[in-house]
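Following the hints, put chains R, F, X, S and W with the ligands in place on chain Z, whose structure we already have.
Protein chains in written order, with the numbering used here: chain Z, 55 to 166; chain R, 55 to 166; chain F, 55 to 166; chain X, 5 to 441; chain S, 5 to 441; chain W, 5 to 441.
The set of hints was computed from the structure by calculation and includes no laboratory data.
Glycine residues also receive a C-beta, built at the ideal position from the N, C-alpha and C atoms.
A couple of the hints might just be wrong.
Partner residues aside, some chain Z positions facing chain F, computed with beta carbon under 10 Å [said to hold, decoys possible]: (1) 56; (2) 59; (3) 85; (4) 88; (5) 91; (6) 92; (7) 109; (8) 112; (9) 131; (10) 132; (11) 146.
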Amino acid sequence: MKKIEAIIRPEKFDEVKNALADAGFPGITTYEVKGRGRQKGITLSYRTSEYRVDMLSKVKVELTVRDEDVEKALETIIKVAKTGNIGDGKIFVLPVEEAIRVRTGERGDSAL
Amino acid sequence: MKKIEAIIRPEKFDEVKNALADAGFPGITTYEVKGRGRQKGITLSYRTSEYRVDMLSKVKVELTVRDEDVEKALETIIKVAKTGNIGDGKIFVLPVEEAIRVRTGERGDSAL
Amino acid sequence: MKKIEAIIRPEKFDEVKNALADAGFPGITTYEVKGRGRQKGITLSYRTSEYRVDMLSKVKVELTVRDEDVEKALETIIKVAKTGNIGDGKIFVLPVEEAIRVRTGERGDSAL
Amino acid sequence: MQKLSGRRSIAFFSAIVLLATNAFADNAVSKVDSGDTAWVLVSAALVLFMTPGVGLFYGGLVRRKNAVSILIQSFTIIALVGLQWAAFGYSLAFGPDIAGLIGGLNWAGLTGILSDPNPVYAATIPQSVFIMFQAMFAIITPALIIGATTDRMKFSTLCIFVLLWSTIVYDPVAHWVWGSGGWLKNAGALDFAGGIVVHVTAGVSALAAAIVLGRRRDHGAGNLVPHNVPMVILGGGVLWFGWFGFNAGSALEANAIAGNAFLVTNTAACAAAITWMLISWIHMGKPNAVGIVTGAVVGLATITPAAGYVGVPAAVIIGAFASVVSYVAMYLKNTRTKIDDSLDVFACHGLGGTIGALAIGIFASKAINPAGGDGLLAGGASLLGTQVLAVAATWIYSFVVTIVILKVLDALMGLRVSAEEEEIGLDLTQHGEKAYT
Amino acid sequence: MQKLSGRRSIAFFSAIVLLATNAFADNAVSKVDSGDTAWVLVSAALVLFMTPGVGLFYGGLVRRKNAVSILIQSFTIIALVGLQWAAFGYSLAFGPDIAGLIGGLNWAGLTGILSDPNPVYAATIPQSVFIMFQAMFAIITPALIIGATTDRMKFSTLCIFVLLWSTIVYDPVAHWVWGSGGWLKNAGALDFAGGIVVHVTAGVSALAAAIVLGRRRDHGAGNLVPHNVPMVILGGGVLWFGWFGFNAGSALEANAIAGNAFLVTNTAACAAAITWMLISWIHMGKPNAVGIVTGAVVGLATITPAAGYVGVPAAVIIGAFASVVSYVAMYLKNTRTKIDDSLDVFACHGLGGTIGALAIGIFASKAINPAGGDGLLAGGASLLGTQVLAVAATWIYSFVVTIVILKVLDALMGLRVSAEEEEIGLDLTQHGEKAYT
Amino acid sequence: MQKLSGRRSIAFFSAIVLLATNAFADNAVSKVDSGDTAWVLVSAALVLFMTPGVGLFYGGLVRRKNAVSILIQSFTIIALVGLQWAAFGYSLAFGPDIAGLIGGLNWAGLTGILSDPNPVYAATIPQSVFIMFQAMFAIITPALIIGATTDRMKFSTLCIFVLLWSTIVYDPVAHWVWGSGGWLKNAGALDFAGGIVVHVTAGVSALAAAIVLGRRRDHGAGNLVPHNVPMVILGGGVLWFGWFGFNAGSALEANAIAGNAFLVTNTAACAAAITWMLISWIHMGKPNAVGIVTGAVVGLATITPAAGYVGVPAAVIIGAFASVVSYVAMYLKNTRTKIDDSLDVFACHGLGGTIGALAIGIFASKAINPAGGDGLLAGGASLLGTQVLAVAATWIYSFVVTIVILKVLDALMGLRVSAEEEEIGLDLTQHGEKAYT
Ligand SMILES: Nc1ncnc2c1ncn2[C@@H]1O[C@H](COP(=O)(O)OP(=O)(O)O)[C@@H](O)[C@H]1O
Ligand SMILES: Nc1ncnc2c1ncn2[C@@H]1O[C@H](COP(=O)(O)OP(=O)(O)O)[C@@H](O)[C@H]1O
Ligand SMILES: Nc1ncnc2c1ncn2[C@@H]1O[C@H](COP(=O)(O)OP(=O)(O)O)[C@@H](O)[C@H]1O
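For reference, chain Z alone in the conformation it holds in the complex:
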């Protein structure tokens, strides 16, 4: 099993969520995070001043999938999350040694 961690634009989240479900990945966990990368940040203003905020709001979507499903999930996410502009985000793939369904105690792929 692999864990896919995709950091995406918040405004793309609904699309990614739906695309993943359509592609057979209903199970996801999401975080509201702030990120910095190559993107310059945004300019906010307060009274007479402007200031740059370099930590931007992002959504991190996390899903653990069977080894053979990794590519499909990655493609699904990239397809809808991509705008072509800096700040589209990153995806990381990590090894997972075990998965357990709390309700039943099932382990391994069948717990996903």
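This is chains R, F, X, S and W with the ligands only, laid out in the frame that chain Z set:
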């Protein structure tokens, strides 16, 4: 070392937290996340309409433990987090290569 | 590639963020988390009562780096995040199998 | 003077006294009654407070990314219309009549007319106080409309729209109904506190604006949920509080008519809130909190035109009936149409104002207000017809002129933000700010 | 008429004048004083605003998952009791006396009694205004109780409870103390603005309700911390603001008694807030913000019955003393009992109202209000006894009847939500809404 | 009595009547006018409400970790100064004059002076009402200062500072300008509603405090962004609402002067808000929401001293000009100095009050208020000089004495929290609370 990531019902969090401490795992980090799985989501209403929210509030509890403690920690969590209903959550186990205590610079198991 | 997860004091975050950028690690993702460790928690008061809150606000900084950069990143974080008091936090290092830049589809080290 | 005035006797008597005590009088403002003045001053302040109240009510209903946007829109409208009113708005609405259609610009700039009462409108308070009380009505009316255009309208265009709309829609209609010589006033139309002038104009214009603007890009996606329900409830509380100034203040005296307006306002709001609660409980299995507050607002809007003319039993009927109609209208809008009147301004205010204005034709009674009229139940056959005329004229005028204004603005400066800006939210893109950090 | 009235002379004179100018008078409402009417109208609006204020104060104190629930409970109570009051509540409380115990239903529906003053209660304002002012007291009282039942009571049962409680507890006690012919009023009991009628009934009933309902499932777990302290402070600010209407409005005239009530109200609140701050600073090492606001509310509640009868020094003593007692009571409740009066309604209002009502028996002085009485310090020996009687009767009656109502409702429809619903929170389970998204 | 009084004639007449009807009069309070009393009672309540309003306005601007801190500071100041005022503050400010500099302690404790009007200050309302109206001014003034000291000042020291500052700065300056016999009043200085007494003292003292305290440790780091913009806008709405009591209430009668003050207050706020919006739009490319609210507050502060003396056109000029000056001052402070007047109290209130006070010397006209004066434009050459004198004296006195007080307190108990406490935030370290959980 392994990292245990348990996604549980928010209302079970206090019990899990206490159970882990009792079982010898005081060190935990938690996230407020939203998740979707087999659970159908909940129905919210707004004026004359109902709508389904498929991303539900969950708590993710994360703890890094020594290899030999993994099973004990898993059992502890499952015991209290389980209600038997859909939405009880999932636990993932990931390999951890190194742990460091910032205060002392200690590394490895003793940093936990 | 390795993923570095550093759980630090919130008040140290700005310093850590800047130090990482200066050390050549602009790309980071951060979470607002709550954590418990050896730290006793803080005492809050409400009307006539005091109560201890054992889950304290922490910031988790996450960055994926090339294998050869791990030590440098760790040192950078430890140097500024350390106060010497209990509650300074922990750093975990996890293996990452793949990284992808959503915008371009690049993979591997060059996606970082 | 439209109101029952037990104080006329005192005013008359005071006049005699003044002849005798003239040597001691500084000037002739002695017709001013301090109690009435105190009440209308407070009422003006209360109505001013309603506009941030609308902002909170709306602000809680939108998503986090547009919260600053709608709150600052309502706040800015205070400033825009406040200036317009002083510059020429008051004069257009209440100035010397021109052909029953509009006031002359004689009082533009508000100089030289402030201290003495204008007995045509309010005989016992300085005209400055009447001007300010009316200003707050002119202000809140466009602030209601923004519930229909939220989440997608350019801030710059909105500012221009508000100024044009106040001038071309609000001021004329206010003149027709309330201005001395206004054609609807002359026809005998009754609108105690602005059911027609405020709620019908705002509600119908909101519908027009929603149609011209088109839907939000993610309309219907089911994620358009209130971001802050406590803020909605607070806004509802501020509105209820301020509405006493709105309705009971419209008596323009601190007298029994004001007392009646206060009482029926409260009662109608209660009846409407409970009715809405019960409908949503039956329809959806749970009593919806936002719905209960919405019901109260519908009740308050609906009783507004009638508050000075009807009694307690009528108030209960009016409030309850309005909730049913408004609920059904929202339901049909959501299920049968694609119109994105985002926060249901039309269903709340357009229908509320209409129902209330027509209800006068049924329930009004001279026993409650001799300066009012007799509706059907009190044997007055003609009033309902007049009310229908007034409402119909206002509907048509508001709808058509709003569409024209918006089409012109669309051509000149564009109405909507870009798709990307809409996705990111108006707070960041229009104001460079985030609601919460 | 209970109040000192320098205006009686004017009223008398006006009467003569009216005979002379009768031809010019529309009717006989000329006894209405516009200044008094303005003041009581405003006061009624202010007291209405206090109920959402209570909602905010309580709403900030509960956890996030129950915030909508308590806010909408307070809002809904406005609507429920507002209707009940118009239907029969006012008549039960203030209608023609039956055996000193209750008003008759003669005025049910509020028809035909609105325009003229009812000189028995307030000689210079239309009765409609008196009715509305009193309505707001009837509304806020049960809205105080929900601080004891929060986080676990079924919304449906709460609605029925409120209607029954208003009818069987509030209306009778209001009649006893304030109603013409009420047995406690006849006995000479004094309660200027509702220390007995409002705060004792609410506080003691809250205690009863907390006992009958039982504790929250996670009571004592130490995680019951305020979810939004700014909301608590805002609520406290709204309450302080509105309380001027509550207390100074109870003079029912804009006169020196109102001025005194305003002044001692403010002073007692200040003294109580500072006292609480100092106690918490000493006791816990830090001045607790929620505590400072709580202290102010305790001071406001405590001065309420006495506001029209005592002077500034007494106000300082009363406020400071009330904070000490309330603090100790909360501390003992938390450490020595298992009672879950969740937001300490009893300690704030039950004890506050009691202390204030008894303080009248000590500090009241006819030098301040000739229509009041003389307490111990002014040489009046009997007043304290009467006050003890009034408080004791109200304690017992409120406590017993509340328990009976709740036991009956428990049997009929159940009082508490299920354990699972309580865990998930009332917002989602009772209303299908989330406070913040 | 400072105000135009068409009611003097009535008062005189009433006096005659009273002779005739003396037998029926309870006492001699009949000079009290119920309408004026109602208005000033309400105004006092409105000004009280402004202090939590300032708390919200400031609370939204600070970071999350200091939100409770600043909100409870403003709340606590109500209690501290409310008590000080009753104990001796009122007497120092308005008591029998000593050498033009300060009032005597004759009225300390406020006994025996409450019921009758004090014709020197307000002839038609009980002195208790005047005392309370003035109390609210004494309260809000130090509550403005905390915008400069936020995020770093110890709560204990702040409490002592507020008590000392009220006593040594506010009370004397209030006496100079408003007290009977005050030297600036005698010199003919005009300050209708506190531009000098409130805004100049607060703004200049804030500047002094910012300098003495030094900067926040992370000042300039660019992360000092408002944590809750809706809270800022709500605070701005509450302030606007309350300011009608502040300014129009300062007429101390419900008359045409009050009406004028209400009107120009609203107009100046509108002009200032729009001006700020346009400047920020041009300067930064977007209309800043916090800026629009800030502009309104600047306009309200600036018109304050002039509200009873100038007309509508002057109000527009004053409001717009003040926004420009305040904007530029903030910009220069941020770019050219290291001063950390954190929430720009000086630029808003110090400059606003100064501009408004000087504007009187230019725009005032006896045509608007015979009890006022004639400025340059009305041919009055000397008034401007007097205003300059009053402003200059107040600047110097406030600045110097504030520095002295703070230096003494620094030596005795320390001004700032520790660096670590500042990092963690004042909510946790000073109060043991978190704003949101
Ligand atoms: N090395 C990294 N480790 C962890 N998160 C990263 C890293 N680099 C970027 N991110 C996350 O990805 C987001 C997008 O990165 P950015 O560099 O702006 O986009 P792009 O890859 O399109 O240039 C950042 O906001 C941050 O949250
Ligand atoms: N494949 C997955 N990857 C990551 N998180 C998941 C995955 N599947 C489920 N989850 C998380 O677990 C939670 C519970 O899952 P759900 O399927 O509802 O429960 P159950 O396993 O009892 O059927 C979800 O809300 C989501 O946060
Ligand atoms: N075993 C663990 N697994 C995951 N997170 C941990 C673990 N131990 C500690 N933490 C996190 O690190 C934070 C700091 O730990 P703590 O023990 O208080 O500090 P220190 O290491 O200086 O003694 C905790 O608040 C928690 O978020």
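Report the numbers of all earlier hints that the structure fails to satisfy, in ascending order. Of the numbered hints, all hold.
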